[in-house]
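Number of protein chains: 4
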Amino acid sequence: MIIVMNDPSKEEIDRIVDKLRQHGLEGNCLQSNGKTVITGIGNATTTDVGFYERMPGVEKVISIVTPFKLASREFRQEDTVVKAGNAVFGGNVLGVIAGPCAIESYEQLRETAVAVKAAGACMLRGGAYKPRTSPYSFQGLEQEGLKILHAVSEEVGIPVVSEVTDPRNVELMSDYVDMLQIGTRNMQNFALLKEVAKSDKPILLKRGLSSTIEEWLMAAEYIMVGGNENIVLCERGIRTFETYTRNTLDLNAVAVLKHLSHLPVIVDPSHGTGHWRMINPMSKASLGAGADGLIIEVHPCPEEAVSDGQQSLTPGNFGQLMQELKMMAVAMGRSL
Amino acid sequence: MIIVMNDPSKEEIDRIVDKLRQHGLEGNCLQSNGKTVITGIGNATTTDVGFYERMPGVEKVISIVTPFKLASREFRQEDTVVKAGNAVFGGNVLGVIAGPCAIESYEQLRETAVAVKAAGACMLRGGAYKPRTSPYSFQGLEQEGLKILHAVSEEVGIPVVSEVTDPRNVELMSDYVDMLQIGTRNMQNFALLKEVAKSDKPILLKRGLSSTIEEWLMAAEYIMVGGNENIVLCERGIRTFETYTRNTLDLNAVAVLKHLSHLPVIVDPSHGTGHWRMINPMSKASLGAGADGLIIEVHPCPEEAVSDGQQSLTPGNFGQLMQELKMMAVAMGRSL
Amino acid sequence: MIIVMNDPSKEEIDRIVDKLRQHGLEGNCLQSNGKTVITGIGNATTTDVGFYERMPGVEKVISIVTPFKLASREFRQEDTVVKAGNAVFGGNVLGVIAGPCAIESYEQLRETAVAVKAAGACMLRGGAYKPRTSPYSFQGLEQEGLKILHAVSEEVGIPVVSEVTDPRNVELMSDYVDMLQIGTRNMQNFALLKEVAKSDKPILLKRGLSSTIEEWLMAAEYIMVGGNENIVLCERGIRTFETYTRNTLDLNAVAVLKHLSHLPVIVDPSHGTGHWRMINPMSKASLGAGADGLIIEVHPCPEEAVSDGQQSLTPGNFGQLMQELKMMAVAMGRSL
Amino acid sequence: MIIVMNDPSKEEIDRIVDKLRQHGLEGNCLQSNGKTVITGIGNATTTDVGFYERMPGVEKVISIVTPFKLASREFRQEDTVVKAGNAVFGGNVLGVIAGPCAIESYEQLRETAVAVKAAGACMLRGGAYKPRTSPYSFQGLEQEGLKILHAVSEEVGIPVVSEVTDPRNVELMSDYVDMLQIGTRNMQNFALLKEVAKSDKPILLKRGLSSTIEEWLMAAEYIMVGGNENIVLCERGIRTFETYTRNTLDLNAVAVLKHLSHLPVIVDPSHGTGHWRMINPMSKASLGAGADGLIIEVHPCPEEAVSDGQQSLTPGNFGQLMQELKMMAVAMGRSL
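Chains as they are written, first to last, in this note's numbering: chain A, 303 to 638; chain B, 303 to 638; chain C, 303 to 638; chain D, 303 to 638.
No lab work stands behind these hints, which were simulated from the structure alone.
There are no misleading hints in this set.
The calculated DSSO-like cross-link candidates involving lysine-lysine, where the alpha carbons are at most 30 Å apart (straight line), are: (1) Lys-449/A - Lys-500/B; (2) Lys-362/D - Lys-321/B; (3) Lys-362/C - Lys-362/A; (4) Lys-321/B - Lys-337/D; (5) Lys-496/A - Lys-496/B; (6) Lys-500/D - Lys-500/C; (7) Lys-503/C - Lys-496/D; (8) Lys-312/A - Lys-371/C; (9) Lys-312/A - Lys-362/C.
Computed from a prediction, not measured in an experiment: that's the story for all the values here.
Start from the sequences and build out the full structure, keeping to the hints where you can.
As C-alpha cells, then:
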C-alpha cells in the first residue's frame, strides 16, 4: 500500500500511520517535491484502497498487491488443464466447441452435432435459456431444450455446454450438461457465481461486455474461492465506439491472460464480430494470439436460425475452417 | 422493416419478398444507384432484424418500429408518477434519496436517516446485499441489514430503498423495503427482472455500466411486460476511456429519456463521479438536464465507511447542497 | 517517482538506484510482501515514467508529479479571466458564444449576429475552414468567409471566433478574428498548437473526441509554454459506445477542470449532443456543473444550413433559452 | 437515401419530396405502421444525410450509398499493391517494417537497420518529428534525424519511412524518405492529408485513436481524391476502457478492411499493446487475421531508448519472431 499525500499536515500524516498500524502495516514516510509518500509495509493483503483515498490530505493510493490470488500465475506456475466429459482445455491440444446459438429442435441439434464432431470439435454448445435484450424475442426452449441437448450428447457421443442464467437452475442444469456457461451479461452476477462455485461441473466464464481483464479474473476468483477451480475463460468481444462489428474482439486479452493467469483461455469469434464472414480470419487470429481453443456458432441452415444466424457458419464452412486451423496449429507447435 | 440489397439477383429479391409475406408484411421494391430497397409494409411488430440480415444479398436492415412499447412516450403521453411509501417521483416536486452505500449498524443508519430527512430527503437508501468486484471485500450485512433498515424507517418515519441481487431474495426483501433497487451489474439479469416484475413494490432501475439508452428501456420493458409499471430510471455513469472520474455521468441520457419515455428519471452523482467534491456541481447539473430527482450517498463519517466513503457527503455538506438545489429548483419552475 | 518491483535481484535494485541518481533523485528502498518499493526523492520534475517501466524487475512506476504545470491550479490559485475583444470568459459573468456552424453568406451571418447579440451573446462564431469527415462535403468559404465574418463583426459590434486548421493560416486569420478556435480533431496537432502559441489572440481549445482530461490540459500546456496564456477550454462531448446522441457530453469534466486548473471552461451542447432539442436542457446542465459559458449553434433557418443544421437553434429558441439561463444564473449567484 | 417519418403531415411529406427533386432524386412514398418511408431514387451521390435529418417530421435518414468511393472494394476488385523503394505491400508476400520509435543517433539507427534487414524486414522505420503528449518530452531530432535516416538507408540498402506532422514539412521530408507516415493523432488533420495527396511518395496511414473504420477509409479517400492512390492502412490500437494494455489492438478491423477495401493493411503491435512481451503473440494474431504486414519497434537497447522503449523488441527477439512468422505464413499459403 503506497499513499501519496499533497502537502499534508503532521496530524494528517499521523492519522494515516495510525490506521496502517491498525491494519497490521508499518507506515514509512518520505518527503519529495512537496509530496509525502507513505509506504505501508507488512503482510496485510486485503486492505481497501478506497479507505485511504478518502482520508484528508490523500492524493492517491496505490495497491502493490495483486487483487486476484487463486487465479494468478503467481499462485500457480503451471497451466491449468480443465476436463469436461472427454473434452480437454488448456494443454497443447486446442479445444474447439461448436454448435447453434439456441437449441431449436432435436433434428437441428443432432445434425449439427454429427457434423461438428466429424470436423474435429471436442464439445457441442447449445442454448436452452437465452438472455435476450428484448422481452419480445425468443427466450429459449428451457428445460425441454436441456433434454434435447442431453439426448443428442448421449447419442452422438460428444460432451455438451449450455448457459445458466439463474442460480435456481444450477442444480437442474448439472443433470444435463458437462460444463456450465456463465454468459457475458452475468459475469458480475455474484449470486450466480457463488452458486456455480458449489457445483462439481467445470465453468466456461465469458468476459463481461465492458469488463476489464482484472474484473474478469476477480469473477473467476469468486468461483475459485467458493470451491470450484475448473474454469475456462472465454474472450467474446468488448463494447467500444466501433459500430461496423457487433463487438470488438479483444485478442490482446488472450496474450495478457496467458501471462497473468494459469487458467485456459478460449475465444468466441462469432459473438466477438457478429458476422459469419469474419469467423474464419478471427479464429486464426485467436490461435496466433495464443488461445487454447475456440467456441464457434454452427447451424445447419443459418438463414433459418431463430437467433444470431448472421454470425453462424454452415457445417461446410466450419469443416473448411477446421482444416485450415489444423495446419496453423502445427506451424505453431500445437495440435487440434 | 427496410431491407437494402447490393446488386441482388432476382432470386434473392424473391426470397426476401416471400419471407416478408410469411411474416405478414407486403414487400415493396425500388432500385436506385445499384441498390435495391425493399420496404416491408404492414402491422407485424416483432420481426427480427437479424433474420433478414443473414439472407443472401442483404447489405443492411433497418427497423422502423420502436423496440420498446410500454416504456415509450408514444404509448403514454403524460409523465408517469411513481409512489413508494410517501415518496413521490416524477411530478413537479423533485425527489431526493440519500443514505449510506452500505448499512453498517443501527446507530450509523439512524443518525444518517435523521439528518437526511431534516435536510429534505424523501427516502433513505442503504445496501444490505453489496455486489462487490472482489470476493474478499465486505459483502453487506444481508438480512441483518434489512432488519436495521426497516427499524430505522419505522422509527424515523422515512421510506426506504435497498438493492436486490438474487431472484430468491425478492420476496424476503419486500417485507422490509418500500422500493427495490436493481443495480448496474444486474440491469440485464433477466431472471431477476422477471422476478421483480411480479412484485408489488416499485423498482429503481439503474443503468448498466455500458448499456445503451435503448437497452435500458428494454430492461424496463421486461419489468412492465411482467406486470410492474412502477419504475424509476436512474442514470449512474457509464464506462468510458476517461479515468479521472470513476465513471462518466451521462446527463445527455436524462434529456433523451424525458423525450423517449414517460418514466421518471433520477441521477446518482455519487457513483457517477466517484468523488465527493463533484457531487455538488453534478447534482445541480442533473437538475439542469431535467432530472426528476437524485440519489446521493451520505455517511455520518465518510472516512470510516466500509465501502465507497470517498464518494459520500457528510450530513453537513448534504444539507448545504439541498439548500442550493432548492433555489435552483425554483428558478426552473419546480420545487424540492 | 515510485517504482514497484516484483521480487527483484540485488543487481536490478542497484541499477534502478543508479539511474535515479543520474536523474538527480535519491532512491529509498523498502521491502513488503515480496515487493520492493523504491521512492525517488528530490526535485527532478520531468523524468520519464516509461524509462523506468522497461528496466528489468520493474512491475509499475507511479509519477507523483502533476504532468501539467502552467495550466494547473497549483501554479495559479485564482481563476484566469480571458478577454477577446470586449468578450470576457472566466469571471462571475457567464459568456455565451453563438452563431452558425459554417459561414454561408453575408446575409445569413448578419441576421444571426444581430439576433444573438440582442439575446445576450457576447461573441459570434462562424466557420470558414471546416474540417469535414468526407472530402465530398462542403469545406467552408475559406478566406471569403473570414472577410464576411470580419465585416459583420464590425457592423454589428460583436467580437468573433473561428476555427484555424492549418499552421500556415494562423497569421492570416489573426487579421480577421478576435479568438482562434482549435477544433476537436486538432487538439493534438502539435504543429498547430506551437503556431497559435506565438499568436497574440486568445485560444478556444476544444477537447479532443477521445482525449482524457489530462491530455487536454497537456495540449493547453503546449500553448502556454509557447507563450500564450489566454486559453478557454471547451468541453464538446466525447466518443463512447452510446449511439443515440452524436457524442456524450462529459459534464464531469467541467467540475474536474474547475478543481485542477485556473483556466475558464465553457461547454458546446450543440456538438456534444447533436440534437437541437437537447441544447436547452444540456445548457442548463452545463451551468449547474459550473461552466463559465457556452458556445451554441444558431442559424436563422436550420433546415437550410449547409452543415450541422440538426444541432442548431433558431434565433427564437435561442432567445428563449437565454431568458431561462439568466434566471438559473441568478439562482447560482452568477449573472449572464 | 431513405427517409423515415413519424406520422407526418401531407405538407411535411411534400417538402421532403420537393427537396429530393432539387437534389436530383425521385421520392417514392410508402406508409406502414404509422410511419412514412420515402426512398429517394436516382444517381445523386453526395447528398448530406444531416440535411434531411433536420427537416420537420423526420425520424431518421439512412444513406444507401457507401461514403468512400476510391478506397472501396466496389471501385476496385483486385488488391492494390503499394511499392515504396524496393519494399512491397499488398501481395502474397508479407511486408515487415521495423526500427526504433525515435531516431537517436547514427550508430543506434545503423545497428538497428543492419539487424532488422538481416532478419528479413523490408523497410526501416524511425521518427524524426515526434508528436508527444507533453511539451516537456523529447520532440525528435527533426531535420538532423532525417539526414541520419537517409544516410543509413543508403549505406545499409533498405528503404525508410518516417512520420510527417506538419504540412510545411511534406516537401522537405520527401527528399529523405521512401514513404510518409500519417500518425494516429493526424488521421483527421485534413490540411496535412491534402498536402500528402500532392506528394509522389506512398503513404502509411495509421488509424486514429478513436476512429471508426469508416472515418479511416474517408481519410484515405481524402488522399486518393487529391491524387495519391498509394496508401497502406495501419491498425495500431483503439482507445477503450481497458487499461491493462496501452490501447486495444482491433484485429477485427483487418478482416473488415480486407472485405471493404482494396488497399493493403498492416498492423502495429508495438503501439497497439504497449508491452514488448505482447508483440510476439499479437504479430502472429495479425497474420491470422489476414494482415499484409507488420510494423514493429526494434531498438538495440530498449532500456536506453528515449521514447517507448517498453514496447520495443531487441534485435534478438525480433529475429526469433521473424522465424516463427515465416512458418506461420507458409501454413497460411503466404510467404515472408
